[in-house]
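Based on the provided sequences and hints, a complete structural model is requested.
Chains as they are written, first to last, in my numbering: chain A, 38 to 408; chain B, 148 to 253.
Keep in mind that a hint or two might mislead.
Using 30 Å as the maximum straight-line C-alpha spacing, the simulated DSSO-like pairs for lysine-lysine come out as follows [claimed, not checked]:
hint: 1; chain 1: B; residue 1: Lys162; chain 2: A; residue 2: Lys390
hint: 2; chain 1: A; residue 1: Lys390; chain 2: A; residue 2: Lys140
hint: 3; chain 1: A; residue 1: Lys49; chain 2: A; residue 2: Lys109
hint: 4; chain 1: A; residue 1: Lys109; chain 2: A; residue 2: Lys390
hint: 5; chain 1: A; residue 1: Lys367; chain 2: A; residue 2: Lys59
hint: 6; chain 1: B; residue 1: Lys162; chain 2: A; residue 2: Lys49
hint: 7; chain 1: A; residue 1: Lys59; chain 2: A; residue 2: Lys140
hint: 8; chain 1: A; residue 1: Lys109; chain 2: A; residue 2: Lys40
hint: 9; chain 1: A; residue 1: Lys140; chain 2: B; residue 2: Lys162
hint: 10; chain 1: A; residue 1: Lys109; chain 2: A; residue 2: Lys367
hint: 11; chain 1: B; residue 1: Lys162; chain 2: A; residue 2: Lys109
hint: 12; chain 1: A; residue 1: Lys140; chain 2: A; residue 2: Lys228
Label pairs and their in silico Cβ distance ranges [to be verified]:
hint: 13; chain 1: A; residue 1: Arg235; chain 2: B; residue 2: Ser220; range: 50 to 58 Å
hint: 14; chain 1: B; residue 1: Arg158; chain 2: A; residue 2: Val65; range: 49 to 57 Å
hint: 15; chain 1: A; residue 1: Ala193; chain 2: B; residue 2: His218; range: 27 to 35 Å
hint: 16; chain 1: B; residue 1: Arg158; chain 2: A; residue 2: Asp151; range: 28 to 36 Å
hint: 17; chain 1: B; residue 1: Ala228; chain 2: A; residue 2: Ala71; range: 54 to 62 Å
hint: 18; chain 1: A; residue 1: Asp131; chain 2: B; residue 2: Arg158; range: 39 to 47 Å
hint: 19; chain 1: A; residue 1: Thr126; chain 2: B; residue 2: Arg202; range: 17 to 25 Å
hint: 20; chain 1: B; residue 1: His218; chain 2: A; residue 2: Gly125; range: 52 to 60 Å
hint: 21; chain 1: B; residue 1: Glu213; chain 2: A; residue 2: Thr168; range: 28 to 36 Å
hint: 22; chain 1: B; residue 1: Arg158; chain 2: A; residue 2: Ala66; range: 34 to 42 Å
hint: 23; chain 1: A; residue 1: Arg235; chain 2: B; residue 2: Pro205; range: 36 to 44 Å
hint: 24; chain 1: A; residue 1: Glu338; chain 2: B; residue 2: Pro189; range: 39 to 47 Å
Just so you know, the hints here were simulated from the structure itself, not pulled from any lab data. Treat the numbers as computed from the prediction; the structure is a model and nothing was measured. Note that beta-carbon positions come from the ideal geometry of N, C-alpha and C, so glycine has one too.
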Amino acid sequence: MSKVRVLVGTRKGAFVLTSDGKRETWDVAGPHFAGWEIYHLKGSPADPNRLYASQWSGWHGQVIERSNDGGKTWEPAGNKFVYDGVPGTHQWYDGTPRPWEFKRVWHLEPSLSDPDTVYAGVEDAAMFRSTDGGQNWHELPGLRGHGSGPRWQPGAGGLCLHTILIDPSNPDRIFIAISAAGAFRTEDGGKTWQPINRGLRSEYIPEPDAEVGHCVHRIAMHRSRPRTLFMQKHWDVMRSDDAGDNWREVSGNLPTDFGFAIDVHAQEPETIYVVPIKSDSEHFPPEGRLRVYRSRTGGNEWEALTNGLPQSDCYVNVLRDAMSVDSLDKCGVYFGTTGGQVYASADAGDTWKPIVRDLPAVLSVEVQTLA
Amino acid sequence: MIRVVLPAHLRTLAKVDGEVQLEVAEPVTQRSVLDALEARYPALRGTIRDHVSQRRRPFVRFFACEQDLSHESPDAPLPEAVGTGAEPFLVIGAIAGGAAGGEIKP
Numbered sequence: 038m039s040k041v042r043v044l045v046g047t048r049k050g051a052f053v054l055t056s057d058g059k060r061e062t063w064d065v066a067g068p069h070f071a072g073w074e075i076y077h078l079k080g081s082p083a084d085p086n087r088l089y090a091s092q093w094s095g096w097h098g099q100v101i102e103r104s105n106d107g108g109k110t111w112e113p114a115g116n117k118f119v120y121d122g123v124p125g126t127h128q129w130y131d132g133t134p135r136p137w138e139f140k141r142v143w144h145l146e147p148s149l150s151d152p153d154t155v156y157a158g159v160e161d162a163a164m165f166r167s168t169d170g171g172q173n174w175h176e177l178p179g180l181r182g183h184g185s186g187p188r189w190q191p192g193a194g195g196l197c198l199h200t201i202l203i204d205p206s207n208p209d210r211i212f213i214a215i216s217a218a219g220a221f222r223t224e225d226g227g228k229t230w231q232p233i234n235r236g237l238r239s240e241y242i243p244e245p246d247a248e249v250g251h252c253v254h255r256i257a258m259h260r261s262r263p264r265t266l267f268m269q270k271h272w273d274v275m276r277s278d279d280a281g282d283n284w285r286e287v288s289g290n291l292p293t294d295f296g297f298a299i300d301v302h303a304q305e306p307e308t309i310y311v312v313p314i315k316s317d318s319e320h321f322p323p324e325g326r327l328r329v330y331r332s333r334t335g336g337n338e339w340e341a342l343t344n345g346l347p348q349s350d351c352y353v354n355v356l357r358d359a360m361s362v363d364s365l366d367k368c369g370v371y372f373g374t375t376g377g378q379v380y381a382s383a384d385a386g387d388t389w390k391p392i393v394r395d396l397p398a399v400l401s402v403e404v405q406t407l408a
Numbered sequence: 148m149i150r151v152v153l154p155a156h157l158r159t160l161a162k163v164d165g166e167v168q169l170e171v172a173e174p175v176t177q178r179s180v181l182d183a184l185e186a187r188y189p190a191l192r193g194t195i196r197d198h199v200s201q202r203r204r205p206f207v208r209f210f211a212c213e214q215d216l217s218h219e220s221p222d223a224p225l226p227e228a229v230g231t232g233a234e235p236f237l238v239i240g241a242i243a244g245g246a247a248g249g250e251i252k253p
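Written out as structure tokens, the structure is:
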């Protein structure tokens with residue numbers, strides 16, 4: 038029988054939640070790395086028991102952890118992230134130049150085919166790769182070096198590379214996103230990159246439709262349609278059908294189009310989920326009602342999903358890496374909140390239940406569907 | 148034998164309980180103690196000193212013999228009592244460390 042494993046990164050440790058395919062009762066294991074901020078954990082598609090975790094603290098900086106048994110035991114891997122060559126400068130919040138400085142790993146994306154190959158999206162924004170199970174890390178310098186780096190600026194959380202999507206039909210094609218620079222694509226496995234932000238419009242940069250400078254919060258893709266991308270931007274939900282060359286807004290009837298998380302149904306490539314957040318300064322659901330919005334039309338037409346979610350006095354946030362789906366039928370949808378709840382729906386969003394209610398603030402949620 | 152006391156997070160990372168004891172050649176300095184510590188416990192590399200600059204991380208402090216040695220030269224001899232093992236070398240997380248560097252990711 039199928040099994041589901043939910044990997045939860047929180048502000049004070051990692052938790053591993055497991056259930057059978059019914060997804061009715063859950064075992065909660067953790068905290069692993071208690072007291073450390075766990076920005077992200079993710080399993081290898083090629084070996085689901087190989088997990089990687091990004092562990093960070095204000096005292097001791099970055100640690101990468103690796104598990105070979107599905108998260109029961111962990112070993113520290115390499116944590117040396119050094120930019121290639123002379124790092125140069127990006128923009129600080131006030132537009133002045135500031136040297137690149139490694140701070141932390143936001144996102145770990147294992148290769149689709151090799152458990153020992155894993156990509157890391159870091160702050161200050163850059164992409165690193167390890168081909169030896171996380172022991173040694175090397176920057177893919179073509180991203181920062183492609184020319185627009187001096188115009189990138191930090192979002193509220195820092196200048197972070199937070200999204201990495203590998204095209205299942207062509208692993209040399211990778212999409213990434215940076216707050217606040219925008220989305221980028223490589224066609225050659227990370228050697229060269231181009232910005233893919235045409236159609237985005239952001240009022241907080243001098244030239245609202247500039248090539249770079251956009252605060253992209255998250256991009257999602259259905260593996261059967263890797264040229265179709267969905268984006269939750271700072272404001273605006275966007276869609277591209279040409280691998281990011283052109284974007285159009287699909288916010289439609291959302292109550293607000295600000296938000297962080299976005300994901301796609303595992304079996305229905307035109308069914309997408311967002312969690313609208315009131316505004317850039319009020320990071321909580323509108324009217325204190327926690328609602329996931331689902332579109333079955335690839336955007337524009339959205340329905341509120343509320344059954345089982347708090348509909349009064351709810352002022353949590355759902356961060357960009359904190360939503361994920363399983364691949365069972367019906368599709369399971371999961372998200373975590375800054376209030377420490379992890380909500381799960383075993384029926385594609387129609388009804389919701391909390392798996393756990395009182396974890397530390399949730400930073401990331403990833404789901405593995407196991408045979 | 149040099150005695151080193153690590154903060155809880157680093158004891159967990161190094162998988163040790165209590166004090167660490169290290170053989171360190173003369174002269175006993177911050178650098179020679181930390182070199183020996185990282186050689187024994189490679190997982191600690193980068194968590195006390197920066198990988199490249201070898202400078203103390205901003206929210207880590209070094210104490211011994213009721214003195215703050217955080218701003219001493221890494222090559223200055225440590226107090227004799229540390230060298231003889233009578234007193235431990237303390238690696239301390241600054242009291243503000245968890246909060247000042249720990250913004251929640253938006």
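Status of each hint after checking the structure:
With a C-alpha separation of about 37 Å, the suggested pair B/Lys162 and A/Lys390 falls outside the 30 Å cut-off, and the hint is violated. As the CA atoms of A/Lys390 and A/Lys140 are separated by approximately 36 Å, the hinted pair breaks the 30 Å bound. Between A/Lys49 and A/Lys109 the CA atoms are separated by roughly 18 Å; this keeps the pair inside 30 Å, and the hint holds. The suggested pairing of A/Lys109 with A/Lys390 holds, with an alpha-carbon distance near 25 Å, which does not exceed 30 Å.
At most 30 Å may separate the alpha-carbon atoms for a hinted pair to count; A/Lys367 and A/Lys59 meet this at roughly 10 Å. With a CA separation close to 19 Å, the supplied pair B/Lys162 and A/Lys49 stays within the 30 Å bound. Straight-line distance between C-alpha atoms of A/Lys59 and A/Lys140 comes to about 40 Å, which puts the hinted pair past the 30 Å bound. For the hint linking A/Lys109 to A/Lys40, the alpha-carbon distance of about 16 Å falls within 30 Å, and the restraint holds.
Distance hint between A/Lys140 and B/Lys162 is fulfilled; the C-alpha atoms sit about 24 Å from each other, no more than 30 Å. At roughly 28 Å between alpha-carbon atoms, A/Lys109 and A/Lys367 fall within 30 Å of each other, so this suggested pair holds. Annotation: proposed proximity of B/Lys162 to A/Lys109 holds, straight-line Cα distance about 16 Å (limit 30 Å). Using a Cα cut-off of 30 Å, the hinted pair A/Lys140 and A/Lys228 holds, with the two alpha carbons roughly 23 Å apart.
Taking 50 to 58 Å as the suggested C-beta distance range, the pair A/Arg235 and B/Ser220 conforms, at roughly 54 Å. As the Cβ distance of B/Arg158 to A/Val65 is approximately 25 Å, the hint placing it in 49 to 57 Å is violated. At about 33 Å, the beta-carbon gap between A/Ala193 and B/His218 stays in the expected band of 27 to 35 Å. At about 34 Å, the CB distance of B/Arg158 to A/Asp151 agrees with the hint of 28 to 36 Å.
Look at B/Ala228 against A/Ala71: about 33 Å separates their beta carbons, and that is not inside 54 to 62 Å. In this structure the supplied range 39 to 47 Å holds for A/Asp131 paired with B/Arg158, their Cβ-Cβ distance being about 41 Å. A beta carbon spacing of about 21 Å between A/Thr126 and B/Arg202 agrees with the range 17 to 25 Å that was offered as a hint. For the hinted restraint 52 to 60 Å between B/His218 and A/Gly125, the CB-CB distance of approximately 31 Å leaves it violated.
About 48 Å separates the C-beta atoms of B/Glu213 and A/Thr168, a value inconsistent with the hinted range of 28 to 36 Å. Distance hint check for B/Arg158 and A/Ala66: the Cβ-Cβ separation is about 22 Å, which falls outside the suggested range of 34 to 42 Å. Between A/Arg235 and B/Pro205, the C-beta spacing of about 41 Å keeps the proposed range 36 to 44 Å intact. Look at A/Glu338 against B/Pro189: about 54 Å separates their beta carbons, and that is not inside 39 to 47 Å.
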